[in-house]
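*Asks:* Sequences are here, hints too, so could you generate the full structure?
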Amino acid sequence: MLDIQNIELHYGAARALRGVSLTAEPGKVTTVLGRNGVGKTTLLRAITGRHPISGGTMTWEDADLSRMRADARARAGIASVPQGREIFPLLTVQENLETGFAALPRVLRHIPDDVFELFPVLKDMLGRRGGDLSGGQQQQLAIGRAMVMRPRLLVLDEPTEGIQPSIIQDIGRAITYLRNRGDMAILLVEQYFDFARDLCDSFAVMERGQIIKAGDKAEMDEDELRGMLTV
Amino acid sequence: MTIQLSLDGVNRSFDGFKAINDLSLTVEKGELRAIIGPNGAGKTTMMDIITGKTRPDEGEVLWNQSIDLTKTDEAGAARLGIGRKFQKPTVFETHTVEDNIALSLKDNRSVWATLFDRRSEVQKTRITELLNLVKLESDRDRLAADLSHGQKQWLEIGMLLAQDPELLLVDEPAAGMTDAETMRTADLLRDIAGQHTVIVVEHDMEFVRALDCRVTVLHQGQVLAEGSLDHVSANEQVIEVYLGR
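Residue numbers (this note's numbering), protein chains in the order written: chain W, 1 to 231; chain L, 1001 to 1245.
Because the hints were derived from the structure by calculation, they are not lab data.
Accuracy of the hints is not assured; some may be wrong.
Unchecked claim - Straight-line alpha carbon distances no greater than 25 Å define the calculated SDA-like cross-link-like pairs of lysine to any residue that follow:
| no. | chain 1 | residue 1 | chain 2 | residue 2 |
| --- | --- | --- | --- | --- |
| 1 | W | K217 | L | E1240 |
| 2 | L | K1018 | W | P89 |
| 3 | L | K1085 | L | Q1220 |
Computed from a predicted model, the values in this text were never measured in an experiment.
*Replies:* In structure tokens:
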């Protein structure tokens, strides 16, 4: 389980996270909601090790995450589907998927079958370059690439942003499948409210670098949340 | 009212993606205007076009109803009186607060004048005036590096004002500030408006509310709604966009 307590993060002197606490458990989808600029992506950067925190604690399966390098976190089972997908445009689909091998022991260095079961289009396009795929296909590739790492914590940063509705459905199905497998904690940052609401088990809403509301799905008051997410 | 800046039918694409899509917008002289909108709405591209950093593919951008801004570059826009403050504070960290302002004054910058520069009374008065305005008078002898994040942002706004711009473009000043700094920044921008035209891009809604000004909501490179914050926040389309639908 991921346990974040009271973390702070600064960009230079600017305080981007203010005492953020959050947990994510295997078999559950935790969604982080909020308007743009409130600190959602920064929170994911703190978790994946792309930016150091300046206070608080982060533990993952009883290990102290805050001192771990980003590559060590990947080996510890944390995989990320970044905003904007960050596909390697000049590598083929196959090569993009194989970049996930870097964090794996030799025996696991193959692409799991369920990647192609969830996203058959990737199988048809294995030899194509990542940069030639549509936005939606790239998003599927980014999720597939993360799955190759056999993560126990998957963080997704706005996977529906700029993606057509039919592929959003595929992505929703994939997240549900991974959640139901039960071996993975999923942290989903979203601005597409309906999508996040339908998928999540628990939620947190951020504003100005803080979590201003959190709870289980049953405690989600839609009208109240809408008020927090709109202007 | 006189029009300071007008955009008419402006288009700009990047690799087929329409960052700015038939955008039309008018800002009056002395106005304080907030621009909000979700990611990818075109806010930064719009600022880039106004400051001559990016050229539009089509459309008209007029300064004071006469000068065509699509033909100017960044230095040209600055000379016309368009000042821009980027999100990250950019001050001379190893100089004092006072010197930061002095370095930014609109003066003769030729080699000779710079080499033999003596601070005149007029300059001294102007520096004090500006430091009072940005609430850094008591910090004038401190190194800029030692200021808080919010103070650095104010100092940079002071440096922009030292150039005496007609228009200030300010990108997310409140990000990373404490609550108190955020509210002081809103006060500062309200003070500056009137004398100057101010356009602020912001995500922080408490800050936008405190600015108490006309708000433009951009979405997919166009104006989705415009009016008071209450007016735009009641707009169904705006709500849909913020819920990601």
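*Asks:* Run every hint past the structure and note whether it holds.
*Replies:* Do the hints match the structure? See the list:
no., hint, verdict
1, W:K217 to L:E1240, "holds (21 Å)"
2, L:K1018 to W:P89, "holds (21 Å)"
3, L:K1085 to L:Q1220, "holds (23 Å)"
The structure shown violates none of the earlier numbered hints.
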